[in-house]
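J.: If you read the protein sequences in the order shown, they are chains A and B. Following my numbering, the residues of the first sequence are numbered contiguously, the last one being 748. Following my numbering, the residues of the second sequence are numbered contiguously, the last one being 748.
None of these hints come from the bench; they were simulated from the model. Treat the numbers as computed from the prediction; the structure is a model and nothing was measured. Mixed in with the good hints, there may be bad ones.
Since the list can't tell identical chains apart, any single copy or any two copies may satisfy a pair.
Simulated pairs of lysine-lysine, DSS-like, Cα-Cα distance not exceeding 27 Å [unchecked claim]:
id	residue 1	residue 2
1	K219	K163
2	K470	K577
3	K470	K584
4	K729	K577
Protein chains: 2
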Amino acid sequence: MQSKSFLVAVSLFASLLAAPDAFSREGSPPAGGWAAALREIPEPPRIRESNRLLSAEPHHLGSPYDEHNARWILDQFHGYGLEASIETFYVLFPTPRERILEMQEPVRFRAALAEPPVAGDPTSAQTSQQLPTYNAYSIDGDVTAPLVYVNYGVPADYEKLASLGVDVAGKIVIARYGGSWRGIKPKVAAEHGALGCIIYSDPRDDGFFQGDVYPKGAMRPDQGVQRGSVADMPTYSGDPLTPDVGATREPSRFDLKDARTLTKIPVLPISYGDARPLLAALGGPLAPTEWRGALPLTYHVGPGPAKVRLKLAFDWKIVPARDVIARIPGSVWPDEWILHGNHYDAWVNGSSDPISGLSPLLEEARALGELVRKGWRPKRTILLCAWDGEEEGLFGSTEWVETHAEELRRKAVVYINSDSNGRGFFFAGGSHTLEPFVTDVGSAVVDPEKKIPVAQRLRFKRIQDAKTADERREIRDRKDLRIEALGSGSDFTPFLQHLGIASLNLGYGGEDDGGVYHSIYDDFAWFTRFSDTDFVYGKALSQTIGTALIGLADADVLPFDPVPLSDTVAGYVKEVRDLAKERRDAAEELDRQIADGVPQAVADPRLPFVAPKKEEPAPYFDFSPLENASAALARAAKEYTAALAAAGPALASDRARVERVNAALRGIEPALTLEEGLPGRPWYKHYIYAPGFYTGYSVKTLPAVREAIEQKQWPTVNSEIAATAKVLSKAAEKVIEATNALRAP
Amino acid sequence: MQSKSFLVAVSLFASLLAAPDAFSREGSPPAGGWAAALREIPEPPRIRESNRLLSAEPHHLGSPYDEHNARWILDQFHGYGLEASIETFYVLFPTPRERILEMQEPVRFRAALAEPPVAGDPTSAQTSQQLPTYNAYSIDGDVTAPLVYVNYGVPADYEKLASLGVDVAGKIVIARYGGSWRGIKPKVAAEHGALGCIIYSDPRDDGFFQGDVYPKGAMRPDQGVQRGSVADMPTYSGDPLTPDVGATREPSRFDLKDARTLTKIPVLPISYGDARPLLAALGGPLAPTEWRGALPLTYHVGPGPAKVRLKLAFDWKIVPARDVIARIPGSVWPDEWILHGNHYDAWVNGSSDPISGLSPLLEEARALGELVRKGWRPKRTILLCAWDGEEEGLFGSTEWVETHAEELRRKAVVYINSDSNGRGFFFAGGSHTLEPFVTDVGSAVVDPEKKIPVAQRLRFKRIQDAKTADERREIRDRKDLRIEALGSGSDFTPFLQHLGIASLNLGYGGEDDGGVYHSIYDDFAWFTRFSDTDFVYGKALSQTIGTALIGLADADVLPFDPVPLSDTVAGYVKEVRDLAKERRDAAEELDRQIADGVPQAVADPRLPFVAPKKEEPAPYFDFSPLENASAALARAAKEYTAALAAAGPALASDRARVERVNAALRGIEPALTLEEGLPGRPWYKHYIYAPGFYTGYSVKTLPAVREAIEQKQWPTVNSEIAATAKVLSKAAEKVIEATNALRAP
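Using the sequences and the accompanying hints, generate a full structural model.
T.: What follows is the structure, given as structure tokens:
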């Protein structure tokens with residue numbers, strides 16, 4: 004369900020990618036190494052064909068074609084000569100029984116809630132197999148109330164509404180998609196006392212404003228709807244009924260009140276065609292300029308006179324989620340696992356989301372199988388995972404991770420995720436220890452359209468997009484490409500943020516804009532007209548992750564570099580310190596303006612005026628533990644770099660020393676977690692990266708500290724600083740351990 | 004025709020406003036002084052009634068009701084006991100004979116080109132007296148060509164089009180209003196080879212996006228059109244046939260080729276209702292995000308497939324323009340003039356533009372007349388001017404200034420302009436020597452709704468709007484409110500920029516948003532529902548300018564303060580130096596990116612790619628003459644301040660010394676001009692303030708230098724720096740002269 008907002012990305016370790024064989028393994032690598040050999044194998048027509056087959060019918064979780072696809076994927080893995088099996092979980096999955104949205108005042112209107120088939124797009128007409136347009140994990144409900152427009156429905160929007168004198172308590176809110184993960188919208192609405200929540204795609208963000216609409220162009224048409232889960236993923240991902248444990252057995256009965264991640268109020272997504280009459284019927288204050296979308300009307304916030312009824316009833320049932328797992332056993336370190344996963348379930352046909360990522364995974368499996376046939380034996384075990392039920396809330400990956408948590412803690416070295424893939428620029432997010440490695444991988448893969456390394460094209464784009472000469476200088480001078488920190492929205496979350504396994508999320512995009520996300524139009528007809536039409540970026544993805552897998556599986560010393568981690572974390576530490584100062588300064592300034600009578604004097608007397616409240620003075624915090632721990636990590640990282648250089652090429656043949664070094668390096672990412680988890684959401688254990696509690700997709704780095712400041716929980720800030728300092732100290736210890744292991748004879 | 008974009012503004016001289024009588028004059032001032040007495044006189048109902056009468060019928064230049072208004076204004080002046088007379092000029096004024104705009108391909112459409120009357124708004128139905136919707140001083144023409152959308156139609160937009168591979172040569176362009184004065188659009192279009200120009204009001208800037216449309220709300224409705232002149236005002240204002248000289252005689256014949264400010268191509272304004280089918284019929288590249296407006300369509304730039312015909316024919320004739328000038332003779336220095344002017348002609352009924360400013364001028368005249376009856380005799384002569392033909396290009400003021408140039412150079416001390424007035428915040432622009440004076444005036448007038456001085460309310464607004472703590476600190480700590488530099492768009496231009504007479508432009512606004520500018524809906528019905536509905540800001544304007552007139556007329560030492568001038572100019576010098584560096588750095592960066600192959604590597608291969616051209620290296624310039632002259636002015640200003648303080652109260656009774664000081668002070672503003680005028684436009688003689696050659700309304704400060712850099716005329720930059728340094732040196736000499744006069748016994 005990965006949303007298009009990554010556009011991110013990535014040579015210390017370049018040698019690793021074509022490393023000569025240091026330890027015994029069968030076969031001899033071809034000239035250029037196994038990774039170079041792999042990159043010759045993937046074929047776009049094969050990727051195209053598997054995309055066509057997998058997206059030929061709607062295949063959501065629990066549907067017949069979803070099961071068909073699981074078995075077909077298993078067959079492919081077997082056909083490539085890989086061990087593979089299906090692992091089944093039993094998860095909660097509601098589908099709609101009844102959906103009514105109607106306006107009763109000031110004019111009557113009933114929303115269509117349906118996406119029409121499009122001529123020339125055969126699968127768009129598979130109406131009987133398509134899931135209706137809905138948000139899964141909304142509760143049942145039947146509410147009638149005046150409507151309020153809440154912009155994106157994030158906390159700041161409700162502050163703005165309060166300043167306009169508008170309260171949503173007892174109202175139904177209508178929010179536009181964007182600005183947060185969708186599940187945030189009903190969560191925040193319910194916190195403010197709303198009775199129901201409607202989410203629509205505004206054409207400003209996702210419709211004709213962005214380009215010609217489907218089928219003329221790639222953008223979302225008038226009646227297109229974004230389906231999607233609204234379960235409270237920032238609390239925990241996976242089956243709502245089974246946090247922390249794998250849903251390995253079908254329950255004989257279940258109680259919905261145990262599902263803590265369901266919404267508190269009913270919520271329904273609609274098209275902009277359906278939203279238009281509702282928004283046109285709003286009165287009250289004019290919406291702030293930046294709230295106004297592209298519908299041809301004057302945006303007001305209400306409440307009313309529009310009064311709407313929202314009635315939703317779901318069929319709450321348990322369905323099987325089938326993960327398909329293939330395995331290439333390691334020849335030297337079989338109990339060290341390198342994983343790549345991509346989900347295969349879709350909301351409807353999902354040619355883009357997720358099949359554009361899954362088909363390259365299959366092509367990569369074929370390529371790896373071929374290398375094995377040619378004699379390659381990876382030193383470490385490789386696992387390829389086709390996840391089910393990702394769209395519902397990362398179900399397949401989360402349940403699998405929870406089921407195998409103990410084994411994964413011991414064995415998993417790196418998890419690589421992919422999801423939707425498109426045309427354009429390489430993007431990469433993940434653990435910052437892997438920044439040089441990712442840069443190397445991106446330097447080994449050639450952009451299919453521009454014929455230059457994808458890392459170089461990305462660097463050029465960043466140079467072109469940079470706002471200042473300083474930014475450009477850093478991009479030009481820094482050896483490695485910076486990679487993004489990961490929030491959530493795809494299957495890396497249970498690996499990285501629940502277990503603390505070093506993770507990456509890789510793909511291509513940015514030249515594949517479209518408006519079919521989670522609609523019936525995300526299908527083969529659309530994809531082959533507007534996205535990676537000849538599947539050359541699908542091939543690039545196979546090459547990219549195949550290269551990464553071989554690099555990681557065959558590396559002697561694992562390519563975890565503590566320097567970019569310490570460098571990046573130092574930046575985050577500065578950010579949270581600056582954030583605290585900004586918040587304090589802003590509160591002081593506001594208080595001064597209130598004392599001087601500024602707001603009252605400036606306000607337009609013809610508009611409603613709500614006097615701003617004096618803020619509680621924000622205290623000064625003790626950031627020194629974090630600063631000391633960050634500095635200690637930086638020192639340790641520097642020492643490690645020196646020690647690694649000093650160890651020289653002899654190291655590779657000293658297996659015992661390599662294993663001691665690797666054991667320490669593998670300890671860095673888990674060291675960044677605390678068993679007690681983040682405040683209020685113990686399932687999330689990573690103290691550097693988490694999805695924002697009020698953003699969802701978007702990451703909050705140093706989340707315990709940052710969110711305590713953002714949410715003005717002043718009494719907890721110092722203790723969260725101390726907790727976060729602790730994980731940095733633990734990580735520094737692991738780096739020192741690695742350095743000592745390097746130096747030991 | 005002043006557009007809503009001033010929102011600007013302003014106690015060293017506070018004493019002046021209630022100054023005791025230093026020299027002989029008749030009558031004794033009331034407690035609080037004459038200015039305080041004046042502020043008690045204006046009555047909103049009188050302002051309302053004169054607005055109603057003056058806007059009762061369409062009254063454009065040359066129309067019967069325009070003449071009626073001139074005579075009625077004259078009668079009012081006489082009624083208030085003032086000397087007054089009408090001075091008539093004979094000017095070129097085309098009105099439409101034929102207007103056709105039709106789309107021939109890919110679908111046929113004929114633009115309505117008409118504003119429908121609105122129920123409940125009686126004057127909107129005076130169809131037979133209304134001017135059709137058109138742009139005056141467009142040439143005649145009949146052109147048919149494919150259409151290209153050019154955003155605001157400013158030079159940067161054509162650079163963007165070129166980067167998209169789109170050329171407008173041989174095409175008709177459609178530009179939206181905004182981003183420049185309207186006359187810039189056909190000028191730049193013609194420079195790029197376009198055959199015709201259509202200008203429309205996009206609802207994003209001026210329509211439903213901004214608020215409910217008329218008559219439900221104040222904003223521009225679907226068929227509302229902005230009329231207006233497109234004569235090339237940045238070359239010279241006034242009658243196109245008579246630059247530099249007053250059009251005092253009706254020519255027996257004239258040749259249009261002498262009218263150098265006519266457009267080069269036909270141009271027509273249209274409504275967004277008429278624009279919608281045209282824009283919807285454009286193909287070609289998607290318009291850049293920031294070019295897209297609020298019409299419910301996907302904005303493309305073309306060219307075509309839309310093909311349009313634009314046919315325009317005008318009745319070119321000479322009409323009388325009647326200025327009504329009232330006079331209160333000075334008792335001490337009758338040959339020193341303080342002027343206030345506001346135009347009275349409108350495009351249609353013009354209740355807002357210009358009557359909302361003219362009615363307060365009449366009320367101010369009544370108040371001054373009453374003070375005279377009570378015994379007040381201003382030391383200096385006061386002139387109140389009701390200008391005709393402003394909408395055509397500042398005709399009334401320009402022809403009057405050109406006719407009386409020699410006398411004005413000797414006698415005019417300060418010209419104060421007003422134009423449209425509305426509800427909200429005090430705004431002030433003009434000569435920076437008057438900054439402390441303006442702050443004093445704004446401190447003496449009470450906001451009618453907030454009951455605090457209008458200067459304080461403005462300061463509070465600036466504090467609230469400030470982006471940084473540094474900005475807020477300056478606003479709080481600086482004694483005076485900064486005032487804006489003046490560009491053009493109203494009648495101050497001939498005084499300030501042609502003759503070098505110190506000028507101010509004053510008014511209220513910012514809480515009076517609307518979309519009726521230059522349409523039939525700018526009328527009494529609209530104004531009394533949406534703008535200064537009870538005319539209390541009209542009263543505030545009478546009080547403000549009345550206070551300023553008395554302060555200036557009765558001041559012993561004129562309140563010209565060289566410190567804010569030198570302070571502001573130093574800022575401009577830094578700006579142009581920074582601009583040169585930015586341009587040089589940007590050119591170097593672009594060249595580096597071109598050399599590295601960045602643009603080619605980053606460009607989307609499915610979009611047209613136009614390789615950027617290498618820039619000619621921008622040289623380093625010698626800014627030192629400007630920096631030295633600016634520093635000399637600052638030193639002189641500081642000395643003057645010290646000398647003024649040292650002179651003490653005794654100065655006021657030393658008439659000879661005061662006159663020597665004043666003579667020098669009055670020389671400062673003319674010193675800022677050069678007789679040869681600005682490069683390429685000799686009519687504009689002011690070297691600190693000018694309307695931008697490619698912006699129109701908006702000011703370019705240090706225009707000779709700034710525009711040479713912006714337009715990459717590298718060989719002329721050093722000489723323009725020297726020319727501009729020269730005016731600063733001349734001004735510094737005048738300040739030194741004033742200081743010496745202060746110190747002389």
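J.: Evaluate each hint against the coordinates.
T.: We went through each hint and held it up to the structure:
1. For the homomeric pair K219 and K163, the shortest alpha-carbon distance between copies (25 Å) is at most 27 Å, but the shortest distance inside one copy (38 Å) is not.
2. In this assembly of identical chains, the alpha carbons of K470 and K577 lie at most 27 Å apart whether taken from the same copy (20 Å) or from different copies (22 Å).
3. In this homomeric assembly, K470 and K584 come within 27 Å of each other (Cα to Cα) both inside a single copy, at 24 Å, and across copies, at 16 Å.
4. For a Cα distance limit of 27 Å, the shortest separation of K729 from K577 inside one copy, 17 Å, qualifies, whereas the shortest one across copies, 49 Å, does not.
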